[in-house]
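*Asks:* Chains as they are written, first to last, in numbering that gives the first Met the number 0: chain H, 0 to 911; chain P, 0 to 135.
None of these hints come from the bench; they were simulated from the model.
Quick caveat: nothing in here was measured; it's all calculated off a predicted structure.
Don't be surprised by glycine CBs; every beta carbon is placed ideally from N, CA and C.
Hints may be right or wrong, so weigh each one.
[Stated by the list, open to error] Straight line, CA to CA, 30 Å or less: simulated DSS-like cross-link-like pairs of lysine-lysine:
#, chain 1, residue 1, chain 2, residue 2
1, H, K755, P, K109
2, H, K755, H, K743
3, H, K743, P, K128
4, H, K719, P, K54
5, H, K340, H, K292
6, H, K136, H, K292
7, P, K128, P, K109
8, H, K791, H, K818
9, H, K818, H, K755
[What the hints assert, rightly or not] Some chain P residues flagged as far from chain H (calculated, every beta-carbon gap over 10 Å):
#, residue
10, G32
11, A34
12, H83
13, T105
14, P125
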Amino acid sequence: MAGGNKQVDGLRRRELASYDILDTPAETEFDDIVRVASETCGMPVSLISLLDGERQWFKAETGFGRNETPLSQSICAYTVQQDDVFEIEDLTLDARTSDNPLVTGGPEVRFYAGAPLRTADGVALGALCVLDTKPNKLTPSQAFVLRTLAHQVMTTLELRRSLRQRRETDRRNTAILESALDYAIVSLDLAGMVTSWSPGAERILGWDEAEMRGKPAHVFFTDEDVANAVPEQEMASALLSGRGADERWHVRKDGSRFWANGEMMPLRDEQGQHEGFLKILRDRTEQRNAAAKEQADAAFMRGVLSSSADCIKVLDPDARLTFMNEGGLAVMEADDFNQVKGCDWTGFWKGQAQMDAKAAFWAALAGGTGHFQAPAETLKGTAKWWDVQVTPIRGADGRPERLLVVSRDVTAQRASEQRIVESEKRWRGLFEGMQEGFFSGEIIRNANGKATDYRFVEINPAFAAQSGLPVETVGRTVREAIPDIPDWLIETYARVVDTGTPEVFEISVPQLGRVFEVRAYREAENRFAAMFIDVSDRKQAETRRAALAELGDRLRNSDDAGEIACVAAEILGRTLGLSHAGYGAVDHDRETIAVGDGWTAPGIPGIGGVHSFRDYGSYIENLKSGHAVIIDDVANDVRTANDAEALAAIHVRSLLNLPLMEHGRFVALLFALKAKPYAWTGEEISFANNIADRTRAALARIEAEERQRTLNLELSHRMKNMLAMVQSIATQTMRTATDLNAAKDVLAGRLIALSKSHDLLLGGEIGSAPIETLIESALQTHRDNPGRFVLKGPTFTIGSKAAMSLSLMLHELATNAAKYGALSTAQGKVSVEWTLREDGGEPHCALRWLEQGGPVVKAPTRSGFGSRLIGRGLAGNFGGEVDLSYPATGVMCTIDAPLRGLQAEDAPATSR
Amino acid sequence: MTLPGPSDAPFALVVDDDALILMDATDILEDAGFAVLEAMNVAQAIRVLDEHHGKVQLLFTDVQMPGDGDGFDLARRTAELWPHIAIVVASGHVRPELGDLPDGATFIAKPFSPSVVRHHVRNTMPSEKHPESLKK
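Using the sequences and the accompanying hints, generate a full structural model.
*Replies:* What follows is the structure, encoded as structure tokens:
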């Protein structure tokens, strides 16, 4: 606490006692002062503290709630030691106050400013102070106000005391004093000197009668008024008109000014002679201050109103505007209030908004509150949205006499709300319109916490379409909607919810023929969302790729044409989900197809057997010209509509037929059939074409391999025959040889003949040669001039078996002729003629060798190998009869053989 | 078909559809002392045997020939009907499998040389039936 000394304390206590103020009830004058101090300084607490021994007692307080504290808690105790306003900006930082309980606890006071309350004799009784709960600082003007108010406190105290003293000292004048206490009554002589001075004058003006008697009245006029001769004017005016009244500032003895209502009257003696003046003053300072305060309050209110961004209006009961704040004028884009003054407020609104405004107006006028939001334009035509509240302003009788309208510009807020609504709408549109199916669900668990089902919380139209579940399925559980839903699906979603880890999996919906990729993720506690992306096309493409790969593998490993057709049909049927598929041989002329095992969907009877294309429509025409036939619905296609029943009988409603052509002829068909109408896609057609191509390639490979095998067999067979023949020829030649050198030549000639015939055979179609070419070739070595040989006969081919024998025979004949016959002379000729004829229902060929122009022929004495060969051996190889004769004119040899024998192929036996 | 050779010589039937080989085989067997009959297919051979089986001691046949039946069929039928006839079967294309040849029959691969033919004929026929030249 502040240190003081006992002497000062004693003095203070005596002085205080003289004022008789301690522990008196609250008085308005003092209460007003603390309120003004508090408001002026903008601080919550203000006190008039009087120090009384070990306590400080508050004559008035605001914001503190107590009327005394121990002196130990008094900060005013420091103030009394000061001459002027004393302040501590932060009590927690000042050693004198930092441990004060008012600071450390309770109200947590942080700021103090006080002005000492000092008597005229300089004894400080206490202080007028303001307190704040935060560190602060007084402005100079606040300090001034505080100081002035402190003076006012003292003045009021003095006044109380002097009043009391007067009551006690001048009982005689009590009535006057009491009645005139508020009036200063002063009489003046004609010169304006004071002749009497009432106690009221003393109270109001400060001087006593003794001081003032004989003094001019100027002293209580302000210097300015004195300079302007106001006192003289008042007197003159009183003389002139009998009385003068005015209100002006006057000055007290202490120099303070006060506002007074003054009246000056002339005083007359009994004879009516003017002997002086009577001046009566009444202190009107309080009234004037109150008026000023009212003005200040009004200004404050205007300030508040003008600084508000809301449009604040006052309406009269006819809804006419009587006030609009500056902020309102700004937001309404009005230049000044006159522009709207007196206007019907409801006229600012249009349509429904006007109905709302009127309703709000009437509600408020009835004592309620009207509230609405509506659009209206400003005076300059800017469109805005308003949030409007209309409340009544009640008159003295409590009835609404005016209305307060507060309109807030919510255009921006409304726009952002609108944006949110639009954003929501856009997202909703996306959700509704997206191709991907989407639903969110809630896992349902049994008592053990195991997931047993889930409930649809939200589904979009795409999901509804994909799943076949109506949008109304929301709220139902999946088991209610799809009783046979597989458990794994529910378990998967539950796992996603439990672990929070998104999962991606595929699910196929066979009823729709679609495959979906599902992406599931946790949405919230026990909630998940799943998006369904239709990957059917991708899956189908994958399936087709895999099918082609499988086809490739299986065809590569197969050497059987029937198996290849089966494999192709199976893969085609399985992959495209057909009812039937197959690869069948076609008879172009008879327009039939032999359908083998093929492939048939389970549960449908097969269609094996020979079918006539014409039984099923006219599309065979397209197939025969090599065009694929693709019919989505046989009932609607002109080529099949008339035979749709026949097709229905074999479970065909849509078909895909790919013809295989060979040399312009339709030889085989790959077909894909479905029991239902079906729009074949380009991918499927291309897939079927691919299957067809690969099947054809595989069949062609088998055919080529088969031909190669046959050829190898043929070559091997012919080689063996050839070697056997060579061996026979060599053996025979050597057996009958008389001379080794001659035998060599003969053997060489025979082998050459054999070799030539073989060349010929290889040059023609497998194992055959034209007869003419064969004969010419055999005789070529002997053709020393063009006229040697005459060949004549129809053209036909000779088979390999007969060709070699015939060549060898001609060789032997020619060799003999060169040795002994027609070819041994220059003029000799040989004619070879052959004819065809019917014999016993079978074509025969007769060939005749006739020599002419040679030496006279003598029949040989013994039969050499050559003639044996000719005579009995070789012709037997083709079932021919040989007749060799030796007329003197030339050798003649006839060979008669069935054409069948001459053309027979020396094929290897296939039976073994 | 004429019956060649000395009257006391044993008869052989040579069957081959190839005239040159038929001639060759005939020459080899004639050199070995047989009187040789010829046929170019199974049917012809059966006709020859029907008529001359009493004299024929040896059947020398090819396997693959035009017409019904092959050399194996002929061999089995001959063994069944005329068991006294020794059988030699020759082929360049096929090898006998179990059951193709009757008991006692011999198979030789084509092409053959005279000595191979003589060797097998000698082993197949009982020696008392060998013609004079084969005994040498």
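*Asks:* Could you run down the list of hints and mark each one as holding or not?
*Replies:* Here's how the hints hold up against the structure:
no.	hint	result
1	H:K755 to P:K109	24 Å, holds
2	H:K755 to H:K743	18 Å, holds
3	H:K743 to P:K128	38 Å, violated
4	H:K719 to P:K54	33 Å, violated
5	H:K340 to H:K292	27 Å, holds
6	H:K136 to H:K292	24 Å, holds
7	P:K128 to P:K109	25 Å, holds
8	H:K791 to H:K818	24 Å, holds
9	H:K818 to H:K755	21 Å, holds
10	G32	16 Å, holds
11	A34	16 Å, holds
12	H83	28 Å, holds
13	T105	19 Å, holds
14	P125	28 Å, holds
Of the hints listed earlier, those the structure fails to meet are numbers 3, 4, in rising order.
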